[in-house]
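Peer 1: Below, each chain spelled out in residue letters.
There are 2 protein chains.
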Amino acid sequence: MAPWRSLLARAIHKNRSLTYSRYFQLATVRADGRPANRTVVFRGFLGDKDQLKIITDSRSEKANQIQHQAWGEACWYFPKTREQFRLVGQLNLIGAAHPNAGLKDARQTTWQDLSDAARLQFAWPHPGNARTDDQEAFSPPPPDPQHPLPNFCLLLLTVVQVDHLELRGEPQNRSLYYQDSSNDWIQQGVNP
Amino acid sequence: MAPWRSLLARAIHKNRSLTYSRYFQLATVRADGRPANRTVVFRGFLGDKDQLKIITDSRSEKANQIQHQAWGEACWYFPKTREQFRLVGQLNLIGAAHPNAGLKDARQTTWQDLSDAARLQFAWPHPGNARTDDQEAFSPPPPDPQHPLPNFCLLLLTVVQVDHLELRGEPQNRSLYYQDSSNDWIQQGVNP
Numbered sequence: 001m002a003p004w005r006s007l008l009a010r011a012i013h014k015n016r017s018l019t020y021s022r023y024f025q026l027a028t029v030r031a032d033g034r035p036a037n038r039t040v041v042f043r044g045f046l047g048d049k050d051q052l053k054i055i056t057d058s059r060s061e062k063a064n065q066i067q068h069q070a071w072g073e074a075c076w077y078f079p080k081t082r083e084q085f086r087l088v089g090q091l092n093l094i095g096a097a098h099p100n101a102g103l104k105d106a107r108q109t110t111w112q113d114l115s116d117a118a119r120l121q122f123a124w125p126h127p128g129n130a131r132t133d134d135q136e137a138f139s140p141p142p143p144d145p146q147h148p149l150p151n152f153c154l155l156l157l158t159v160v161q162v163d164h165l166e167l168r169g170e171p172q173n174r175s176l177y178y179q180d181s182s183n184d185w186i187q188q189g190v191n192p
Numbered sequence: 001m002a003p004w005r006s007l008l009a010r011a012i013h014k015n016r017s018l019t020y021s022r023y024f025q026l027a028t029v030r031a032d033g034r035p036a037n038r039t040v041v042f043r044g045f046l047g048d049k050d051q052l053k054i055i056t057d058s059r060s061e062k063a064n065q066i067q068h069q070a071w072g073e074a075c076w077y078f079p080k081t082r083e084q085f086r087l088v089g090q091l092n093l094i095g096a097a098h099p100n101a102g103l104k105d106a107r108q109t110t111w112q113d114l115s116d117a118a119r120l121q122f123a124w125p126h127p128g129n130a131r132t133d134d135q136e137a138f139s140p141p142p143p144d145p146q147h148p149l150p151n152f153c154l155l156l157l158t159v160v161q162v163d164h165l166e167l168r169g170e171p172q173n174r175s176l177y178y179q180d181s182s183n184d185w186i187q188q189g190v191n192p
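Sequences listed follow chains A and B, in order.
Number 59 in the numbering used here belongs to position 59 of the first sequence; there are no gaps in the numbering.
Number 2 in the numbering used here belongs to position 2 of the second sequence; there are no gaps in the numbering.
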């Protein structure tokens, strides 16, 4: 397992009393070359792989942005332990028509694991469009917990580089993690 | 004053008991077209303008990235009030040689307002380089509070669009703010 995985797991554990410590910010690039940035919810790792699970709606802007530029950078700050992980990787959108059976299964499992409230949002009107006046459009029948709605996507961030900064310490500690040509992870201490 | 300014000021005020509610994530684009993302500290607004003040080191990667792509997006999540501001704007790096006298003054004032510890970091070894073994390099003489070190930069984000999401509410509330052709701010409610 990648050496940063245990550090990240430790940070998640130590900050678990704060609900929002499971939120991080995901940067992507728009079709016009400008950056975009939004808060997303961490949905766990995919098995023991170096992949972070996120969910998104195929109607959202980020789903469209990823078609143009698959690279993303997650920035995850943990308030209690005062540390930051910057995770560079490629984004992979797993929709209803994805050809890989294993990834389609992962999409299905992720849907099943969601709360009713989280699933319901995928039945809401088109995100980002002018506000729908009809209040009932936001109270649709609950979607089937066994069958993902077609616009539900699992989004995977396959991490290739990590920049870990610990604000505690005199001076602060900062380490880079990246893979060598044999795909082994290298750790290098750098100046904060 | 832009209508989102008062909402943002209210969020800052209501979350003031959390030190880290003054941190936000700033996305930029690297020279190779991939996104970058890191946590920065909000240093206030520049006067009554729609500009957010950040500080950075001219030796940092983001200073270099801004030369290639001046657009940035800040993502600012407030845990107590459960709301997010996404602020799209242009980034302007104000270094020692900046031609505008007013902005150079703002750089000087920002330096003076920093804590001793914050100023000291600008006298540390080159950020991102292999870790300097010499521990004394991280204990330099305190810089002069009246005269910014040459690598100290004020970084301004001039906001042109805001996406405000309030998680509280059934359903959530989301508003876009942007400027019309007369530079007047328009508010539009959109689906979350």
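Since the hints were made in silico from the structure, they are not lab data.
There may be inaccurate statements among the hints.
Pairs involving identical chains hold if they fit within one copy or between any two copies, as the list cannot separate such chains.
[Unchecked claim] Computed list of lysine-lysine pairs in DSBU-like fashion (alpha-carbon distance at most 35 Å, straight line): (1) K104 to K53; (2) K14 to K53; (3) K14 to K80; (4) K80 to K53; (5) K49 to K80; (6) K14 to K104; (7) K49 to K14.
Peer 1: Decide, hint by hint, whether the structure agrees.
Peer 2: Going through the hints against the structure:
Taking CA atoms no more than 35 Å apart as the test, K104 paired with K53 passes inside one copy only; the shortest distance there is 13 Å, against 44 Å between copies. Taking the shortest alpha-carbon separations for K14 and K53, both the intra-copy value of 20 Å and the inter-copy value of 32 Å come in at or below 35 Å. For the identical chains of this complex, K14 and K80 are neighbours both inside a copy (7 Å) and across copies (20 Å), given an alpha-carbon limit of 35 Å. For the homomeric pair K80 and K53, the shortest alpha-carbon distances inside one copy (23 Å) and between copies (25 Å) are both at most 35 Å.
Taking identical chains as interchangeable, the C-alpha atoms of K49 and K80 lie at most 35 Å apart whether they share a chain (26 Å) or sit on different chains (33 Å). Within a single copy, K14 and K104 get their C-alpha atoms as close as 32 Å, which meets the 35 Å cut-off; across copies the closest is 43 Å, which misses it. In this assembly of identical chains, K49 and K14 lie within 35 Å of each other by CA distance solely inside one copy; the values are 22 Å within and 40 Å between copies.
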